Amino acid sequence: MKISATVQMAAAALRTNRLRTALTALGVIIGVGAVVTMMAIGAGAQARVAEQIRSLGSNLIIVLSGSITSGGVRLGSGSLLTITEDDARAIQRDVRSVEAAAPTIRGGVQVVFGNSNWSTALQGVTPEYFQAREWGPVSGRLIIPDDVDAASKVVVLGQTVSENLFGGTDPLDQTVRIKAVPFTVVGVLARKGQSTRGEDQDDTLLIPLSTAKKKVLGVSQANARSVGSILVKVTAPDRMAEAEALIRDLLRERHHLQPREEDDFAIRNLSEVLASQEAASRVLSLLLAAVAAVSLVVGGIGIMNIMLVSVTERTREIGLRRAIGARRRDILNQFLIEAVFVSLAGGLIGIAVGIVGSYVIGLVFQWSVLVSWAAVLPAFLFAAAVGVFFGYYPARKASRLKPIEALRYE
Amino acid sequence: MDAPLIETQGLHKDYPLGDHVVHALRGVSVTIAAGEMVAVMGPSGSGKSTFMTILGCLDTPTAGRYLLEDRDVSGLGDDDLSEIRSRRIGFVFQQFNLLPRITAQANVEMPLLYGDVSSRERRERAQRKLEVVGLQGRAAHRPAQLSGGEQQRVAIARALVNDPILLLADEPTGNLDTRTSDEIMAVVQALHRTGLSIVLVTHEPDIAQYAQRILSFRDGMLVGDEAVRDRRQARAA
Numbered sequence: 001m002k003i004s005a006t007v008q009m010a011a012a013a014l015r016t017n018r019l020r021t022a023l024t025a026l027g028v029i030i031g032v033g034a035v036v037t038m039m040a041i042g043a044g045a046q047a048r049v050a051e052q053i054r055s056l057g058s059n060l061i062i063v064l065s066g067s068i069t070s071g072g073v074r075l076g077s078g079s080l081l082t083i084t085e086d087d088a089r090a091i092q093r094d095v096r097s098v099e100a101a102a103p104t105i106r107g108g109v110q111v112v113f114g115n116s117n118w119s120t121a122l123q124g125v126t127p128e129y130f131q132a133r134e135w136g137p138v139s140g141r142l143i144i145p146d147d148v149d150a151a152s153k154v155v156v157l158g159q160t161v162s163e164n165l166f167g168g169t170d171p172l173d174q175t176v177r178i179k180a181v182p183f184t185v186v187g188v189l190a191r192k193g194q195s196t197r198g199e200d201q202d203d204t205l206l207i208p209l210s211t212a213k214k215k216v217l218g219v220s221q222a223n224a225r226s227v228g229s230i231l232v233k234v235t236a237p238d239r240m241a242e243a244e245a246l247i248r249d250l251l252r253e254r255h256h257l258q259p260r261e262e263d264d265f266a267i268r269n270l271s272e273v274l275a276s277q278e279a280a281s282r283v284l285s286l287l288l289a290a291v292a293a294v295s296l297v298v299g300g301i302g303i304m305n306i307m308l309v310s311v312t313e314r315t316r317e318i319g320l321r322r323a324i325g326a327r328r329r330d331i332l333n334q335f336l337i338e339a340v341f342v343s344l345a346g347g348l349i350g351i352a353v354g355i356v357g358s359y360v361i362g363l364v365f366q367w368s369v370l371v372s373w374a375a376v377l378p379a380f381l382f383a384a385a386v387g388v389f390f391g392y393y394p395a396r397k398a399s400r401l402k403p404i405e406a407l408r409y410e
Numbered sequence: 411m412d413a414p415l416i417e418t419q420g421l422h423k424d425y426p427l428g429d430h431v432v433h434a435l436r437g438v439s440v441t442i443a444a445g446e447m448v449a450v451m452g453p454s455g456s457g458k459s460t461f462m463t464i465l466g467c468l469d470t471p472t473a474g475r476y477l478l479e480d481r482d483v484s485g486l487g488d489d490d491l492s493e494i495r496s497r498r499i500g501f502v503f504q505q506f507n508l509l510p511r512i513t514a515q516a517n518v519e520m521p522l523l524y525g526d527v528s529s530r531e532r533r534e535r536a537q538r539k540l541e542v543v544g545l546q547g548r549a550a551h552r553p554a555q556l557s558g559g560e561q562q563r564v565a566i567a568r569a570l571v572n573d574p575i576l577l578l579a580d581e582p583t584g585n586l587d588t589r590t591s592d593e594i595m596a597v598v599q600a601l602h603r604t605g606l607s608i609v610l611v612t613h614e615p616d617i618a619q620y621a622q623r624i625l626s627f628r629d630g631m632l633v634g635d636e637a638v639r640d641r642r643q644a645r646a647a
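As given, the protein sequences belong to chains A and B, one line each in that order.
If you read the first sequence in the numbering used here, its first letter stands for residue 1, the second for the next number, and so on.
If you read the second sequence in the numbering used here, its first letter stands for residue 411, the second for the next number, and so on.
If you're looking for bench data, these hints aren't it; they were derived computationally from the structure.
Keep in mind the model is a prediction, meaning the values are calculated, not measured.
Hints are supplied without guarantee of correctness; some may be wrong.
[What the hints assert, rightly or not] Chain B side only, calculated, beta carbon under 8 Å to chain A, not exhaustive:
#1 D469
#2 G474
#3 D488
#4 S492
#5 R495
#6 S496
#7 L509
#8 T513
#9 M520
#10 E534
Note that the Cβ used here is the ideal one computed from N, Cα and C, for glycine as well.
Just chain B, with the same shape it has in the complex (with noise of 0.2 Å):
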């Protein structure tokens, strides 16, 4: 078995909301080993999200620990968690997130302007991943000039382009129809066959389908881990 990419130990997130407390997340251990694609299920206020956030970096969990590759990362400051969201974490949205006013070519920069990376660098490293997402042509146009889909694969390109080792997606083909879902999983499952870790958050059976394991949540708890069977492989777009 890989070394364990995520190692959660006891995972409790508490939120106030008005006068009473919201127990988000009560207890999730779980591991992921690098290279695996995951999909977490779960209806809506199930702690999936919550998970995700944590994992992703954003939040830090009220109690336990969360480890990314080996490392204890819930009791981190604010700039070492951007540090880690920065060089080690793709995100990639339900609503893709773009800036409406910039070009294709610009949103995948954008992670670069927070590193250190000269201009001619961020170019060429955008480039490459427009090319790897299969938008080579349509780097200089702006996201309202691009379909859905389109926007969606400009987004992972963004989410790739600090070549991070684990990618989260949250609900990701939540706002596409099912063709162009396919061909969003397509180069999703393009870029775990890479090696790429990735962790997929969904409430649709099909698309958690495409994942080689799934992770069932309800009420703040992890209440499934399976192996998929009969894993959906994408056609190719």
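In isolation and in its complexed conformation, chain A is listed as follows (with noise of 0.2 Å):
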């Protein structure tokens, strides 16, 4: 029997019994809708990480101060600040693999133009820090080596705190007051985003490291030199572990700590951290189109179960047809047939729901989703396995029946 004419009567079959035909295929359009939503939440969620690690700058450690101690005993605890200028200094010079090393201090300031004041995180840094964290300005310019070399009052605003404190208009060569000292705005960094803990990147203003120290908020009494933290940028990523022990070393030595003192101050690898939440959400939108799979299994023994009901109901016809030369394979065929065509049909319209359903789930609580065809095209075919699997059963069932045994069933 060919094939268009099998599936002219499994349309026909289908037809004839619409709101079965209907709930049959929503089991089906509720499992591929949850699978195509589910896998673009997961695949928005990735995106959003991957994000973040551009926004963060790839290859990045940060070095930061720890407290001395020695035996258990805390020692100096006015010499928080470890780790120095002079550090930074020296992994730049010694280390290969460092692209640059950027010393940084931090520390909250309320800023104050006019009659708005806002508060916000000040970082002293020196020019690598843009180069370390892939930073560049939208309007004016950068710190310069000079301006550090003169303890220069000028500062580069975030556009959180350009917004805030400018509102529309433009800030350059405006004078700010950073805990009353005058600043004059020399640029605008361009917007980064949230970081990975949701922190405000560019909430924040950034002077140089001298005039941090000298001006603004003031300098360790152990240490003049001494730093919050180095931001240090590796020239690739597969030289990250080795880059990270050859700092401990270097810093180790410099810091004259002896073999069973612990390290006075401490390496984060952010990349890690990063690739380690992109697993972790990774993790999640697997987790997410497998439960969103399961459903669809639920939606395939859905088919089974009507397509069973539906050979049972149809045992006179099938009699009927092997009595008049349908062969058991043209039997099997139709009702495979029939079970696909629900399978396929729910995989269509599942697909169209899952879409918009991602959409609206994205619009509704602002999540970033992506529908990609690389989740839809599986979730389509696997609805059609799910068709071919569950349909095969009631399909062999009714191929084996008896034609003179179907024939006489009341």
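The two chains are supplied separately, each in an independent frame; assemble them into the complex guided by the hints.
So this is what it looks like as structure tokens:
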């Protein structure tokens, strides 16, 4: 029997029981829709993490000051800042795989312009900072070596600070007061967005490191050269571990630590943190898709259930078809095609529902969602496979009926 | 004498039923010539329906041989039997067995779906057979819109659509009143006059009298084989 005729016959059989067909397909629609939606949400979360990695700057290691401890006793409470500008210079000079090492100090300040004010995080930086974070200006300029050498009173604004102090007006060459010290705005930074911890990275002020120490945040009494952290950019991702080890050795040597003493600093590999977050979000999206796939399997069981009912109801029809010349294969194909028809139609509608659902969820919850063919196509093929898998048993049952018994079935 | 269309030699059919075995046929040997019209009679449980089932290639005998057109079909596989049912045999049932949701025309076309027939040819052949049974005006009706007699005529047209050599009718008038039964038998006799071989299972002696020959079954055996002397001729419908 021709396949086209079988398909027509299956379509006719499904049309005669529209409500039942629709409800059967609904199981698949929900399943496929859920898979597509969940994968879109998962892909959106992954894309967001990847975006955060880009915004942070890639291949970053951060070296943080720690307290000096020796034999379990914490020493020198006034000398918490254990790393220095000279450490940063040494890292940049001696560790080959380091592209830039940027010493920074941070502090909370209030900044005033005219009669508006804003509390934000101030960072004292050197030009290497912008290189490490791959961060450029949207207007004006960044901090240059001359600013650091002269301890100039210049400031570069993050977008959030700029918006809060200046609204729509141009902040360049305006004077702002930070802790009563007047600074000239020389640049505004490009927008970075949220960090992985949800902090607004644009809510910041950047001034030269030397100026921050002398005029704003003050200097550690123990060591005037000390800094809070050093941001290190490594040349390539596969050299991160090597750079980390070299930096640790270098700093231990520079800090004269004995082999049994603990580090008086801490090294964080930010890319690693993000990579693990990315892995976590990938696992989460897989999990979501797997749960959704379960609902698709349940939809498949719905198909099987209805097909079994249908085979029983149409036993006499099957007997008649066998009597007038249908082979077992013809009966098998007829019922199998009905099942696949339902699952494919459900799959197509489910994809549409999933795409619409993804965007609705994205809008309502302000989540980033990403519908991709790489998610839609497998969902569709899976639906087809579900139709074949769960349709096969009832179809086989129909094809195995003895014609004469089927004809006499009451 | 014509060449035999059907020849059975010692047909046996056993059914397992719970713990014991039912012997539905116990050695039936009979020859039916091409172009004959034969009635098969007997009380229920006599084996007449089982005999019909085997003649129709819907089942195979447990033992014995069944030659259809000189070909032994008793040991054929399922696909070959399907092929024979499709090309050589037409069935008419007591319950009509029409599909309720499609038109008379589509019901008649259905056997052609299992052959390699284009949709145009299907339509034309079905229309011709509906004319043969006198239902050319009813092609677009669904079974529920037709009377019992008309439904059975649709079923006969469906049985004829592949131009079989043998028409098997299992109690074709069992669900019809006397007058309609007479009309159906007129159609069957008209088909017989065109040369079609017909085997008719019935328990009504009146209906059996339309045939040329009556085979009587009892307890799985052939107990009578007589020519009909006063053959009834149905009034033309």
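How the hints compare with the structure:
1. Because the smallest distance between the Cβ of B/D469 and any Cβ of chain A comes to about 5 Å, under 8 Å, the interface hint for this residue holds.
2. The interface hint given for B/G474 is violated, since its Cβ lies 18 Å from the closest Cβ of chain A, which is over the 8 Å cut-off.
3. Checking B/D488 against chain A: minimum C-beta separation of about 6 Å stays under 8 Å; hint holds.
4. For B/S492, the interface hint holds, the least distance from its beta-carbon to any beta-carbon of chain A being 4 Å, beneath 8 Å.
5. The criterion of a C-beta within 8 Å of any C-beta in chain A is met by B/R495, whose closest approach is roughly 5 Å, and the hint holds.
6. A hinted interface residue such as B/S496 counts as satisfied when its beta carbon comes closer than 8 Å to some beta carbon of chain A; here the least separation is about 2 Å, so the hint holds.
7. For the restraint placing B/L509 at the interface with chain A, the shortest Cβ-Cβ distance is roughly 6 Å, inside the 8 Å limit, so the hint holds.
8. Evaluation of the B/T513 hint against chain A yields a violated restraint, the C-beta minimum of about 11 Å exceeding 8 Å.
9. Taking 8 Å as the C-beta cut-off, the interface hint given for B/M520 holds, the closest approach to chain A being about 6 Å.
10. At about 16 Å, the closest approach between the beta carbon of B/E534 and any beta carbon in chain A exceeds 8 Å, and the interface hint on this residue is violated.
When held up to the earlier numbered hints, the structure conflicts with 2, 8 and 10 and fits the remainder.
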